[in-house]
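Asker: Go by the hints and put chain B onto chain A.
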Amino acid sequence: MSSIPIEYYLILSTFMFIVGVIGVLIRRNAIVVFMCIELMLNSANLALVTFSSYLGNPAGQVFVFFVMTVAAAEAAVGLAIIIAIFRNKMTVNIDEINIFKW
Amino acid sequence: MINYIYLAVIFPLIGFLINGLFGRKIKNEIIIGTIGSSTVGLAFIISFGAFLQTLSLPVDQRANTVELFTWLSANGLNIKFAYLVDQLSLTMSLIVTGVGFLIHVYSIGYMHGDKGFWRFFAYLNLFIFAMMNLVLGDNFVVLFLGWEGVGLCSYLLIGFWYDKKFEKGTTADAAKKAFIVNRIGDFGFLLGIFLIYLTFDSLNFNEVFSKAQSLSINETTFSLIALFLFIGATGKSAQIPLYVWLPDAMAGPTPVSALIHAATMVTAGVYMVSRASILFASAPSIMMLIAVIGLLTALFAASIGLVQNDIKKVLAYSTISQLGYMFLAAGVGAFSASIFHVMTHAFFKALLFLGAGSVIHGMHEEQNIQNYGGLKKYMPKTYATFLIAALAISGFPGLSGFFSKDEILWYAYANGGFIFWLIGALTAMLTAFYVFRLFSLTFLGEERFDHHKVHPHESPSVMTIPLIILAVLSVIGGYVGIPEIFSGENGNLFEKWLAPVYEPAEQKIMHYGFHTHFQEILLMTISVILALSAIYFALYVYTKNKNIAENISLRFRKFYNLLLNKYYVDEIYDAAIVKPIVTGSEKVLWKFTDSFIIDGIVNGVAKIIAIISESIRKIQTGIAQLYAFIIVAGIAAVLLWIIFTL
Numbered sequence: 001m002s003s004i005p006i007e008y009y010l011i012l013s014t015f016m017f018i019v020g021v022i023g024v025l026i027r028r029n030a031i032v033v034f035m036c037i038e039l040m041l042n043s044a045n046l047a048l049v050t051f052s053s054y055l056g057n058p059a060g061q062v063f064v065f066f067v068m069t070v071a072a073a074e075a076a077v078g079l080a081i082i083i084a085i086f087r088n089k090m091t092v093n094i095d096e097i098n099i100f101k102w
Numbered sequence: 103m104i105n106y107i108y109l110a111v112i113f114p115l116i117g118f119l120i121n122g123l124f125g126r127k128i129k130n131e132i133i134i135g136t137i138g139s140s141t142v143g144l145a146f147i148i149s150f151g152a153f154l155q156t157l158s159l160p161v162d163q164r165a166n167t168v169e170l171f172t173w174l175s176a177n178g179l180n181i182k183f184a185y186l187v188d189q190l191s192l193t194m195s196l197i198v199t200g201v202g203f204l205i206h207v208y209s210i211g212y213m214h215g216d217k218g219f220w221r222f223f224a225y226l227n228l229f230i231f232a233m234m235n236l237v238l239g240d241n242f243v244v245l246f247l248g249w250e251g252v253g254l255c256s257y258l259l260i261g262f263w264y265d266k267k268f269e270k271g272t273t274a275d276a277a278k279k280a281f282i283v284n285r286i287g288d289f290g291f292l293l294g295i296f297l298i299y300l301t302f303d304s305l306n307f308n309e310v311f312s313k314a315q316s317l318s319i320n321e322t323t324f325s326l327i328a329l330f331l332f333i334g335a336t337g338k339s340a341q342i343p344l345y346v347w348l349p350d351a352m353a354g355p356t357p358v359s360a361l362i363h364a365a366t367m368v369t370a371g372v373y374m375v376s377r378a379s380i381l382f383a384s385a386p387s388i389m390m391l392i393a394v395i396g397l398l399t400a401l402f403a404a405s406i407g408l409v410q411n412d413i414k415k416v417l418a419y420s421t422i423s424q425l426g427y428m429f430l431a432a433g434v435g436a437f438s439a440s441i442f443h444v445m446t447h448a449f450f451k452a453l454l455f456l457g458a459g460s461v462i463h464g465m466h467e468e469q470n471i472q473n474y475g476g477l478k479k480y481m482p483k484t485y486a487t488f489l490i491a492a493l494a495i496s497g498f499p500g501l502s503g504f505f506s507k508d509e510i511l512w513y514a515y516a517n518g519g520f521i522f523w524l525i526g527a528l529t530a531m532l533t534a535f536y537v538f539r540l541f542s543l544t545f546l547g548e549e550r551f552d553h554h555k556v557h558p559h560e561s562p563s564v565m566t567i568p569l570i571i572l573a574v575l576s577v578i579g580g581y582v583g584i585p586e587i588f589s590g591e592n593g594n595l596f597e598k599w600l601a602p603v604y605e606p607a608e609q610k611i612m613h614y615g616f617h618t619h620f621q622e623i624l625l626m627t628i629s630v631i632l633a634l635s636a637i638y639f640a641l642y643v644y645t646k647n648k649n650i651a652e653n654i655s656l657r658f659r660k661f662y663n664l665l666l667n668k669y670y671v672d673e674i675y676d677a678a679i680v681k682p683i684v685t686g687s688e689k690v691l692w693k694f695t696d697s698f699i700i701d702g703i704v705n706g707v708a709k710i711i712a713i714i715s716e717s718i719r720k721i722q723t724g725i726a727q728l729y730a731f732i733i734v735a736g737i738a739a740v741l742l743w744i745i746f747t748l
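As they're listed, the protein sequences go chains A and B. Heads up: the first sequence begins at 1 in our numbering, then just goes up one per residue. Heads up: the second sequence begins at 103 in our numbering, then just goes up one per residue.
Isolated chain A (complex conformation) (with noise of 0.2 Å):
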């Protein structure tokens, strides 16, 4: 393990983040949108499981776990919202939802 420099690990949850974060500025469906939010969460416990292992800390390994609660309950949410606009819309199209302008 020691032996994996900590760059790697951070270069990896950066990437991913960026990948999320492009994911959810340029995809129109919106369940790949909510797909890219997980990913760019996914990436911050990345981050802080590596801070959490090099600084012999087990504070960033239980916040990890807060976050993934967060994650769930946030997916459940978030997908029924989903579902709610689609049975509204039949379409889950981000740009066809536009209603926060009259």
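None of these hints come from the bench; they were simulated from the model. Backbone N, C-alpha and C fix where the C-beta goes; we use that ideal spot for every residue, glycine too. It cannot be assumed that every hint is accurate.
[To be verified] In silico contact screen, one side only, chain B against chain A (beta carbon under 10 Å); selected entries:
no. : residue
1   : L665
2   : N667
3   : V671
4   : Y675
5   : A726
6   : L728
7   : G736
[Unchecked claim] Listed below are several chain B residues computed to face chain A (Cβ distance under 8 Å; list not exhaustive):
no. : residue
8   : S387
9   : A730
10  : F731
11  : V734
Answerer: Chain B only, in chain A's frame:
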């Protein structure tokens, strides 16, 4: 009774409230008229009781104050609602309630069948209430309350038939004119009151007048106070330059013209000058101004009266002219003579107006004297009483007008000078002429009305009885003020009665030289001869030989037209004052300031915001991903900034 004098003020107020609040429900004219008249009658009885009680007191205790309550109390300014019961205020309140009562009774007949009957009596009672406050008030504030109150009632009553046509507009226009012109005078009056408070630190009559005697105050201050007060008086009492409202005030019902615009309200200015005599006596230059204005007004208005054809217009100019006499008397320091003339004038002018009302009533609202003629046999009572009034105003020896007018002319000569007397006597001659022109065109000569349309008839006795009472008063009213040359030392009861009020002023007025009884009798004889010849001439011209009048008017065509058009004063005021104000208000204040600048700023601000938001609102696309992108870009920018700066 002196302590209950406030009842004389409250009764008319009660009458006003009953008729004003419930008159529409009561409907019955007899009840409304009785309430309206009896409250004024009660006020007269109370005033008369107070008069008798005052008469029984020793001379130095005749001025009593009746305090009701503290009205205003603010940091040194302490105004009590109090009435001053003295010789002058009692004289005035007897005139107001006495003549007022007769005119109320007369109105029951005159206003019969009018749809605003109850409103009319409510206004009349309100007027008496205000007028009583004016004459009885113990300080300038109560006086001013009454002053404004009578102005309001005058407005309401001139415009009583608010939808009736009058000259170029409606009676409401005449009412507005009266109100606005009066406001100009009132503004001067207010300034005078402020200056009095500034100078004497009080507004109570007794305090102000005793301080005016004792304190050493320079003459300029006195002159300013007197000038401002006199401006107020010119408005209310229709003197040059503010007389223009009075002829138009004839738009109101005739009893109103008799009560307000002849007998009582218009004399308020004379009363005020007379009340504040010490302030005026301390300002000789203003006294001179008052005398000159009075004299000019008297002559000016009398000359207009010569050619007018509306019966009420002639009487209106006559009123202005007689008011000029009163101011002439006040201006030469003969305050009691001016109040004496107020009294006799109230009798005979009220009688003239009521007689005119009776004629108008009998002639179906016709007011042009050229369409009258020969009414003597149709209206014998009106004819007889009108004749007495006409003789009285002309100064026929033995009638009331003779005594008061003669006293004024004599003081004008003694204190003013020969020229004052001469113009005064000339005016008296013109007065006699125009009144008898009116008289002969109305009652004598051939009948010039259309017999098929107009059936002249005598008025009911509810109207003629007040005429008869006023006629009696016009005859005997003068005998309380018989000049001393006939009655001996202290024989002039009226003057003796009022003398204590004017004592402080008397001490300040300069009396010129010594005049003999012979001069007085000579001047009196001359003025009587002038008046009698004018009467004869008028009767001759307008009954026997009408060609003379036409020849004269043709010969002096220009002057005749000048008089007929009242010297174009209304037109001049219109062009010089009214038009510029109206155009200025419209063009500058309304179209430019209000519509352009103020509305422009308000609408401009709204418009600018609308334009800016129009362009900014495009940022709000409603696309969630764009918002997210902007958030990410912002975070990235902040991160970059942190990385490169730290």
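Asker: Run every hint past the structure and note whether it holds.
Answerer: Structure-based check of each hint:
no. : hint : in the structure
1   : L665 : violated, 79 Å
2   : N667 : violated, 72 Å
3   : V671 : violated, 70 Å
4   : Y675 : violated, 64 Å
5   : A726 : holds, 7 Å
6   : L728 : holds, 9 Å
7   : G736 : violated, 13 Å
8   : S387 : violated, 80 Å
9   : A730 : holds, 6 Å
10  : F731 : holds, 5 Å
11  : V734 : holds, 6 Å
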